[in-house]
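If you read the protein sequences in the order shown, they are chains V and L. Just so we're aligned, residue 2 is where the first sequence starts under the numbering used here, counting upward by one. Just so we're aligned, residue 2 is where the second sequence starts under the numbering used here, counting upward by one.
Bear in mind the hints are in silico, worked out from the structure with no lab data behind them. Beta carbons: idealized from backbone N, C-alpha and C, even for Gly.
Going by beta-carbon spacing under 10 Å, a handful of chain V positions derived as facing chain L:
1. ARG121
2. PHE122
3. PRO245
4. GLY246
5. SER247
6. PRO248
7. LEU249
8. ASP250
9. GLN254
10. LEU258
11. ARG261
12. LEU266
13. VAL267
14. ASP272
For reference, the chains in residue letters:
Protein chains: 2
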Amino acid sequence: MALARLRLIRTPGIGPVTYRQLLSRFGDPERALEAVPMLARRGGGTAPAIADIGAVRREQEQVARYGASYLFVDDAGYPPLLAELDNAPVALIVRGDVGLARRTVAAMVGARNASAAACRFARTLALSLGDEGVVVASGLARGVDTAAHVGAMASGTIAVIAGGIDVVFPPENAELQERIAREGLLIAEQPPGIEPRARHFPFRNRIIAGLALGTVVVEAAPKSGSLITARLAAELGREVMAVPGSPLDPRAQGCNLLIREGATLVQSAADILEQLRPIDPSAVRAPGASFDPAPPIDASDQDRRAVLALLGPVPVAVDELIRQSSLAPAAVQTVLLELELAGRLERHAGGRASLIG
Amino acid sequence: MALARLRLIRTPGIGPVTYRQLLSRFGDPERALEAVPMLARRGGGTAPAIADIGAVRREQEQVARYGASYLFVDDAGYPPLLAELDNAPVALIVRGDVGLARRTVAAMVGARNASAAACRFARTLALSLGDEGVVVASGLARGVDTAAHVGAMASGTIAVIAGGIDVVFPPENAELQERIAREGLLIAEQPPGIEPRARHFPFRNRIIAGLALGTVVVEAAPKSGSLITARLAAELGREVMAVPGSPLDPRAQGCNLLIREGATLVQSAADILEQLRPIDPSAVRAPGASFDPAPPIDASDQDRRAVLALLGPVPVAVDELIRQSSLAPAAVQTVLLELELAGRLERHAGGRASLIG
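This is chain V alone, in the form it adopts within the complex (with noise of 0.2 Å):
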């Protein structure tokens, strides 16, 4: 099963969200993978070439070695908020309690050139947190990320990095990267061996949102990751928090820009405490909830005509494809499914399609 949904995930041009409709339409990740060829032949393409059994087996035992283990989206264990994305990663490539994850989780990132003033704000909030049972998400970096770490490392803390699991960045933090594989949560979502790179940190910072109930600002400009992470937070309709600073102090106007944007603007963790609280647990959904029963329907070479014509190269809703072509929505999703794994088609975010070229 899981070499079977491991090649699924590492098959170029298969991501979370198609991943997910091959599982829903097939049922089990075996079934799916045979049929890849066959839905892209229907979509008028080429099939992709499916990733090698072999290079799939080195990657198993690689995470084996390095003492990591994964977490497949449709797992039980999946991080209960993390499984609510869209686009949840497919397979985490984790070390340490993942028992965590399913705590009350606050993420706190902040900028990696960091005031000391600000570093030791965000480790005694950090601290005071993990008090109340908190468990504190960060990304790893500089700055403030590593302040949160070491303020929640006693309580809990949950460290996602850009990289594969066994590379260490930045290099200064290869200690606490250790110790948080070893008494917290260390998750890569990129197989081992990836060095981190810039188109990375968006994905690592859906994760880092993701996870959590809410995501507090420390510091940050005005274009950083932190605001991005801000920002996807915000998107899966979490809550956004930001202490704020001076409007003289240049490293405060990420900040004040988001409680501008609605933002709350928080001082203390009892600030923060206030936000996570009144979420209601049950209105998360449970892991897995997505591969519910879609009757695994085929579609006719009428139906992809129909969905064909209301395609184009500006992304449009799937809701709207589903509205306007008049057909079942299973018929829909399986014409853009065969579409996709013929290369002919992009997903964007919010449930958005395009056609390629």
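Knowing the structure of chain V, use the given hints to seat chain L on it.
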């Protein structure tokens, strides 16, 4: 006319609300003055001691000697936004350009012991607001108030003082106060010679908030007069804005608290202008509108008994009295006026009233 108005408002027990009621009932101040003893008798008490004509004449002479003049709430030149208040001061004593109060006014208030950086920031903000044609009102206190007046001096500033028009406070602002009287607008509510006391400051603050479309707070302690001004502004439905600061800076606590309570975080004159501009000037009530003809209805003994039965030591809304008594609004108002002049009724914020004793 001015003499009768002044005698009315200088009579103990006749506040702004009663004054308006009397004028609305009798059309002119002389007839109102004559009617006071009769109304008080009907209210079941002794008539208040009408202000001595000689004392009021001496006050008028003093005001003239200081180069000041009166601005009555029913004068056409009265500041239109201030006239909106239920308890708008009846007689302002002013020096300088009363036209300033008819332009777009922003109030700027803050800590007397503000940091040098905050004072510099307030001065720059006021200067930039002035450049955009906004008149800056403040309270001529030390610190932020002084900085706001200085910054806005060239473009137009209004200082509202807690004592009499001739009383300088704080002493080091003597020159600034005189300069505002000559180049801006200086406003006092208390008669000449009155030294500012603690109880005068909330009245001064309500005038500052009342003159302005919005109030900006720059550095304020959590229980400061600046926060009172901000809350008065909020009660009046005006914009409340605050400049944030670090949670580590005690002088930022009041502003951060205001922002948590819903005030708009502002960092620049542009942020302030954005809040001031959306207000539709046509939504502002013309001065004197509250003196629109209300048919002078005499109350019967039955009416008096009905209203008295509904009153008690707990403040109740006048609207509620009207609803529950099923009497004509004017009749209820008449009974309340009589009771008040008889010293048996106290008026409260939000159009409420209670029996005394």
